[in-house]
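Keeping the supplied structure of chain B fixed, place chain R with the ligands upon it in accordance with the hints.
Note that the protein sequences, when read in sequence, are chains B and R. Letter 142 of the first sequence, counting from 1, is numbered 142 in the working numbering, and no numbers are missing. Letter 364 of the second sequence, counting from 1, is numbered 364 in the working numbering, and no numbers are missing.
Hints in this document: simulated from the structure, not taken from any laboratory. Quick caveat: nothing in here was measured; it's all calculated off a predicted structure. We put the CB at the ideal spot given by N, CA and C, even for glycine. Keep in mind that the hints are not guaranteed to be accurate.
Unchecked claim - Here are the simulated DSSO-like pairs of lysine-lysine, each with C-alpha atoms no more than 27 Å apart in a straight line: (1) K317/R - K229/R; (2) K156/B - K117/B; (3) K18/B - K150/R; (4) K317/R - K185/R; (5) K34/R - K14/R; (6) K137/R - K22/B; (7) K192/R - K240/R; (8) K192/R - K150/R; (9) K150/R - K22/B; (10) K33/R - K14/R; (11) K18/B - K71/R; (12) K150/R - K137/R; (13) K73/B - K117/B; (14) K204/R - K18/B; (15) K18/B - K137/R; (16) K22/B - K192/R; (17) K48/R - K317/R; (18) K204/R - K22/B; (19) K48/R - K34/R; (20) K185/R - K22/B; (21) K18/B - K240/R; (22) K185/R - K73/B.
To be verified - Which residues of chain R face chain B? A partial, calculated answer using Cβ under 8 Å: (23) T90; (24) F91; (25) C252; (26) W285; (27) V340; (28) F347.
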Amino acid sequence: MPVLNAELRARIQTELAKYPTKRAATLPALHIAHDALRSVPPAAIEEIAELLELHPAEVFDTMSFYGFFRDDKRPLGKHRVWVCRSISCMLRGGEDLLAQLSRRLGVAPGGTSADGKVTLEFAECLGACEGAPCLLLDDECHMNQTEQSAAAMIDKL
Amino acid sequence: MPEFEPVLLARIDKPDSTSLAGYRADGGYEALKKALAMAPDDVTAIVKDSGLRGRGGAGFPAGVKWTFLPKNHPGPIYLCVNADESEPGTFNNRILMEQDPHQLLEGIAIACHAIRSRTAYLYLRYEYGRSFRVLDKAIRECYQAGLLGKNILGTSFNLDVYLHRGAGAYICGEETGLIESLEGKRAWPRIKPPFPAVEGLFGKPTIVNNVETLCCVTHVVSRGADWFKSIGVPPNLADKRDLGSYGPKLYCISGHVNRPCCVELPLGVTARQLIDEHGGGVWKWRRAKAVVPGGISMGFLSADELDTSLDFNGPLKAGCLGLGTAGVVVIDDQTSMVDVLANCCRFFAHESCGQCTPCREGTSWMKKILDRVRAGLGRLEDLDLLQEVAGSMGIIPGTTICGLADGAAWPVKNALTKFRAEFEEYIRSGRQSISASPELMAAH
Ligand SMILES: Cc1cc2nc3c(=O)[nH]c(=O)nc-3n(C[C@H](O)[C@H](O)[C@H](O)COP(=O)(O)O)c2cc1C
Ligand code: SF4
Ligand code: FES
Numbered sequence: 001m002p003v004l005n006a007e008l009r010a011r012i013q014t015e016l017a018k019y020p021t022k023r024a025a026t027l028p029a030l031h032i033a034h035d036a037l038r039s040v041p042p043a044a045i046e047e048i049a050e051l052l053e054l055h056p057a058e059v060f061d062t063m064s065f066y067g068f069f070r071d072d073k074r075p076l077g078k079h080r081v082w083v084c085r086s087i088s089c090m091l092r093g094g095e096d097l098l099a100q101l102s103r104r105l106g107v108a109p110g111g112t113s114a115d116g117k118v119t120l121e122f123a124e125c126l127g128a129c130e131g132a133p134c135l136l137l138d139d140e141c142h143m144n145q146t147e148q149s150a151a152a153m154i155d156k157l
Numbered sequence: 001m002p003e004f005e006p007v008l009l010a011r012i013d014k015p016d017s018t019s020l021a022g023y024r025a026d027g028g029y030e031a032l033k034k035a036l037a038m039a040p041d042d043v044t045a046i047v048k049d050s051g052l053r054g055r056g057g058a059g060f061p062a063g064v065k066w067t068f069l070p071k072n073h074p075g076p077i078y079l080c081v082n083a084d085e086s087e088p089g090t091f092n093n094r095i096l097m098e099q100d101p102h103q104l105l106e107g108i109a110i111a112c113h114a115i116r117s118r119t120a121y122l123y124l125r126y127e128y129g130r131s132f133r134v135l136d137k138a139i140r141e142c143y144q145a146g147l148l149g150k151n152i153l154g155t156s157f158n159l160d161v162y163l164h165r166g167a168g169a170y171i172c173g174e175e176t177g178l179i180e181s182l183e184g185k186r187a188w189p190r191i192k193p194p195f196p197a198v199e200g201l202f203g204k205p206t207i208v209n210n211v212e213t214l215c216c217v218t219h220v221v222s223r224g225a226d227w228f229k230s231i232g233v234p235p236n237l238a239d240k241r242d243l244g245s246y247g248p249k250l251y252c253i254s255g256h257v258n259r260p261c262c263v264e265l266p267l268g269v270t271a272r273q274l275i276d277e278h279g280g281g282v283w284k285w286r287r288a289k290a291v292v293p294g295g296i297s298m299g300f301l302s303a304d305e306l307d308t309s310l311d312f313n314g315p316l317k318a319g320c321l322g323l324g325t326a327g328v329v330v331i332d333d334q335t336s337m338v339d340v341l342a343n344c345c346r347f348f349a350h351e352s353c354g355q356c357t358p359c360r361e362g363t364s365w366m367k368k369i370l371d372r373v374r375a376g377l378g379r380l381e382d383l384d385l386l387q388e389v390a391g392s393m394g395i396i397p398g399t400t401i402c403g404l405a406d407g408a409a410w411p412v413k414n415a416l417t418k419f420r421a422e423f424e425e426y427i428r429s430g431r432q433s434i435s436a437s438p439e440l441m442a443a444h
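Chain B with its partners taken away, still in its complex shape (with noise of 0.2 Å):
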């Protein structure tokens, strides 16, 4: 049984014909699986570099350049919250904001709340410093956040 369903394949396969070479689709083939699976397992790499033709080592060397996918090891829960700890953000309590986040689901950044449910990341500025401090839920950014505010949000997942 291939990880990759048949769905996934044809998504992957639809990026191909928008760039002259197969490599090219390797970061659209990337995200699809990564969010599907919620990380790239070895076997999806596999696939991956069938589709395109490439060696697996190719595609793994490009995955790991980029660390926003995620190996079977650390797979993701079902979302994502990454909370913006750069300048604009720090200097209007971002910082503190991962903190009470990170206690409130009882993970490090980088770890998944143990339900499942929420992976917590810290992220470099979300491009939207006019909203600090920000954050990110899956790619929808939720400007001036407060730690009610966030867990709120949250408890609704």
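Coordinates of chain R with the ligands only, in the frame set by chain B:
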């Protein structure tokens, strides 16, 4: 001075600012029509005449860059739209993409006509999920309306625009890092030359431009080079290398101000005007101690330098690296510059791609030294050591491939010259703002 009428941000508060119908009702895609009726080189000439300089950080004249493409090239030629916007303190590209995607798409189409490109890739940082969805929808609308795809507006011009999402790495904003990343590799910046205009994406001639630069192109074509030159700061004629600072600019204001925001103003507003007239003043009735003029890579202005004109020359004259992204971050007088600098150094240590030893080692040692200082274990010699490390990394001393290292060095250099007394006082006091971790203690 009369109130400046925004151009790039003119539409962002409209309820349907993102729809094609709304954009067209406001005269959208007329500039593209005008450009398509002109020869490509004539469009490039207008952009060159306007003096438009790149808004992504380096300030290179856009029209001049376009002329670096090889003549009579059989193609393909690529346009890469740099939407990786990750410089701390910067968020104007996000607003342009989320609120007025067609203004950008029109600029992309005009630029592609000018440089004879039939394919544009928009490299979008992953974190900009909303921008992705807005642009994706806008691109679909364009294909349906014959504004992208084949025979655009009934002419022989064909163009495809693809969105390509990054994966959370600052270095993908460096133009050759971006190209490597698009090709599916690690984002290791390339040694230049060859420059992308000659050998870029997939080995083909490539132009990389920032989102805001391309939005400006739309208005330069529609209103003309003279209009653009009537805004901003003309060059100092005594300085032959001064290219001037023309046009409107999106300034981002964040940090310790009452009203963090993004405003569009003629190039050349001062830091003080931005803080007082647009940012609502420093918060909590405090005073500014330091101001980042254009993203943290550019260093710091001190409280005495707030009247610096934020054009392409002003920050340089004040010892900063440049105007950068015009992302202005205000730091109040209750904040420790030791903590601020440590935050900057941590960023660059995290984001160095690791190819060049002075940058990989230098950024991480600068962070470690500041961690030690903040753990109450600093020595005065540490400040000289920081200066030495900062002075030895970057394109300016000639030791690295890309400018990340210069950007990492600059806040250190500026902080230690402009705020040295504060660092010395901090070290002498033995204070600590972080606890000394076991691995830190073991490191020396
Ligand atoms: C480390 C580093 C990061 C950069 N990040 C960005 C970025 O996020 N967006 C951007 O437009 N330019 C960025 N640049 C500048 C680009 O290399 C390039 O000069 C720019 O995209 C050219 O477009 P422009 O001439 O329209 O400004 C970065 C440069 C360096 C050295
Ligand atoms: S200067 Fe730093 S970021 Fe740039 S290529 Fe060298 S190691 Fe990478
Ligand atoms: S510093 Fe947090 S969003 Fe920019």
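Verification of the hints:
1. A hinted pair counts as satisfied when its Cα atoms are at most 27 Å apart, and K317/R with K229/R qualifies at roughly 23 Å.
2. The straight-line distance between the Cα atoms of K156/B and K117/B is roughly 11 Å, inside the 27 Å bound, and the hint therefore holds.
3. Straight-line distance between C-alpha atoms of K18/B and K150/R comes to about 15 Å, which keeps the hinted pair within the 27 Å bound.
4. Of the pairs offered as hints, the one joining K317/R and K185/R is violated, with about 38 Å between alpha carbons and a cut-off of 27 Å exceeded.
5. A threshold of 27 Å between alpha carbons decides the hint, and for K34/R with K14/R the separation of about 25 Å falls inside it, so the pair holds.
6. Proposed proximity of K137/R and K22/B is supported: the alpha carbons are some 25 Å apart, at most 27 Å.
7. As the CA atoms of K192/R and K240/R are separated by approximately 25 Å, the hinted pair is consistent with the 27 Å bound.
8. The hinted pair formed by K192/R and K150/R fails the criterion: a straight-line CA distance of about 35 Å is larger than 27 Å.
9. Under the criterion of a C-alpha separation no larger than 27 Å, the hint pairing K150/R with K22/B is consistent with the structure, at around 24 Å.
10. With a C-alpha separation of about 24 Å, the suggested pair K33/R and K14/R falls inside the 27 Å cut-off, and the hint holds.
11. Restraint check for K18/B and K71/R: the C-alpha separation of about 26 Å stays at or below 27 Å, so the hint holds.
12. Between K150/R and K137/R the alpha-carbon distance is near 18 Å, which keeps this suggested pair within the 27 Å criterion.
13. For the suggested pair K73/B and K117/B, the alpha carbons sit about 17 Å apart, so the restraint of at most 27 Å is met.
14. Simply put, K204/R and K18/B have alpha-carbon atoms about 16 Å apart, close enough for the 27 Å limit, and the pair holds.
15. The hinted pair formed by K18/B and K137/R meets the criterion: a straight-line CA distance of about 17 Å does not exceed 27 Å.
16. Note on K22/B and K192/R: the hinted pairing holds, with a Cα-Cα distance of about 25 Å set against a maximum of 27 Å.
17. Proximity of K48/R to K317/R is assessed by CA-CA distance (about 26 Å); at most 27 Å being required, the pair is judged to hold.
18. Under the criterion of a C-alpha separation no larger than 27 Å, the hint pairing K204/R with K22/B is consistent with the structure, at around 16 Å.
19. The straight-line distance between the Cα atoms of K48/R and K34/R is roughly 17 Å, inside the 27 Å bound, and the hint therefore holds.
20. About 12 Å separates the Cα atoms of K185/R and K22/B, which keeps this hinted pair within 27 Å; it holds.
21. Taking the CA atoms of K18/B and K240/R, the gap is near 44 Å; set against the 27 Å cutoff, the hint is violated.
22. Restraint check: the Cα-Cα separation between K185/R and K73/B comes to about 23 Å, which is no more than 27 Å; the hinted pair holds.
23. Using the Cβ-Cβ criterion of 8 Å, the hint placing T90/R at the interface with chain B is satisfied: the shortest such distance is roughly 7 Å.
24. A cut of 8 Å between beta carbons decides the hint on F91/R: the least distance to chain B is about 5 Å, and the hint holds.
25. For C252/R, the interface hint holds, since its Cβ comes within 8 Å of a Cβ in chain B; the closest pair sits about 7 Å apart.
26. Annotation: interface hint on W285/R violated; nearest CB of chain B at approximately 16 Å, more than 8 Å.
27. At its closest, the beta carbon of V340/R sits 7 Å from a beta carbon of chain B; the interface hint therefore holds under the 8 Å criterion.
28. Hint status for F347/R relative to chain B: holds, with the closest Cβ pair at about 6 Å, below 8 Å.
Of the numbered hints stated above, those contradicted by the structure are hints 4, 8, 21, 26, listed in ascending order.
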